[in-house]
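> Sequences are here, hints too, so could you generate the full structure?
If you're matching them up, the sequences are chains V and H in order. Heads up: the first sequence begins at 12 in the numbering used here, then just goes up one per residue. Heads up: the second sequence begins at 29 in the numbering used here, then just goes up one per residue.
Please keep in mind that the hints were generated in silico from the structure rather than gathered at the bench. Note that this is a predicted model, so its numbers are computed, not measured. Check before you lean on any hint, since a few could be wrong.
Stated by the list, open to error - Not the full set, but computed from the structure, chain H residues with beta-carbon under 10 Å of chain V:
(1) His42
(2) Leu46
(3) Thr57
(4) Ala63
(5) Phe68
(6) Asp89
(7) Thr92
(8) Ala121
Here a beta-carbon is modelled for each residue, glycine too, at the ideal position from N, C-alpha and C.
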Amino acid sequence: MGAPLNLFDVATRAMSAQLVRMNAAASNLANAGSVAGSADEAYRPLRPLFGSELDAASGLSTVRVAGVYRSDAAPVRLHEPDNPLADANGDVWSAPVDESAEMVEMMESARQYQNMVEALSTAKQLMLETMRMK
Amino acid sequence: MPNSTTAGGLFGIHGAALELRSQRLGLLTSNIANAATPGFKARDLDFRAALDARLGGASADRATQSATLFRVPVMPSLDGNTVELATEQAAFAENAVAYSASLSFVRGKVESLTRALRGE
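Given below as structure tokens:
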């Protein structure tokens with residue numbers, strides 16, 4: 012770790028973490044309804060894992076994306092004998108994406124992002140006011 | 029020994045208050061940033077205790093450290109996160125206003141001093 016974190020670093024990292032979360036939700040939504048020829052090949056939803064990181068020098072805690080993992084939800088088996096991807100039984104596996112849950116995830120992460128922008132602009136304004144003091 | 033941030037100094041209580049308000053701004057921003065982090069425990073500054081410690085001669089860091097407490101959530105959530113956005117945002121707004129107030133007291137002090145120096 013280099014220099015102690017300041018407020019701007021905290022906000023920037025939190026916003027980046029929300030961006031990862033939003034990208035994951037977008038990937039999941041984009042793959043909703045996609046089918047595969049076997050259960051192993053089916054798309055599994057992506058989920059980011061957040062962890063907090065305390066900077067002892069400044070006492071601030073920021074967010075870090077500890078990793079992006081694939082959810083272990085079971086793909087949905089559909090009987091579609093006409094589908095060229097279907098196996099010997101005429102089954103295909105559809106991605107287990109819950110569209111409404113992903114939409115909620117996206118809205119929540121957008122709200123979080125907005126909160127950080129708001130906090131950042133308030134802090135910036137206060138800092139500028141302090142600096143302009145004659 | 030009086031200096032610029034203790035009660036006997038130039039800015040009196042307002043210099044110390046401004047410093048601690050800025051520290052609290054950081055703590056509350058950390059809480060808001062970690063609103064979605066599982067297991068994160070929100071922290072806040074007991075402002076009165078911190079200010080008393082600061083005016084009693086402790087350094088700003090020490091005063092903040094001794095008066096930083098964990099927030100008790102209204103309703104604990106399943107993932108162990110104790111950040112409640114409504115509480116944090118209200119505290120953030122209150123802290124920003126109080127910062128501005130302290131700042132204007134400091135500014136007033138500087139202005140009257142400048143006037144005295146100019147002899148207007």
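> Look at each hint and say if it fits the structure.
Now the hints, each set against the structure:
Look at His42 (chain H): its Cβ only gets to about 12 Å from chain V, farther than 10 Å, so that hint breaks. A hinted interface residue such as Leu46 (chain H) counts as satisfied when its beta carbon comes closer than 10 Å to some beta carbon of chain V; here the least separation is about 8 Å, so the hint holds. Of the supplied interface hints, the one on Thr57 (chain H) holds, with its beta-carbon coming within about 5 Å of a beta-carbon of chain V, less than 10 Å. This hint holds: Ala63 (chain H) has a C-beta 6 Å from the nearest C-beta of chain V, less than the 10 Å allowed.
The interface hint given for Phe68 (chain H) holds, since its Cβ lies 5 Å from the closest Cβ of chain V, which is under the 10 Å cut-off. Because the smallest distance between the Cβ of Asp89 (chain H) and any Cβ of chain V comes to about 8 Å, under 10 Å, the interface hint for this residue holds. Using the Cβ-Cβ criterion of 10 Å, the hint placing Thr92 (chain H) at the interface with chain V is satisfied: the shortest such distance is roughly 7 Å. Below 10 Å, beta-carbon pairs count as interface contacts, and Ala121 (chain H) has one with chain V at about 8 Å; its hint therefore holds.
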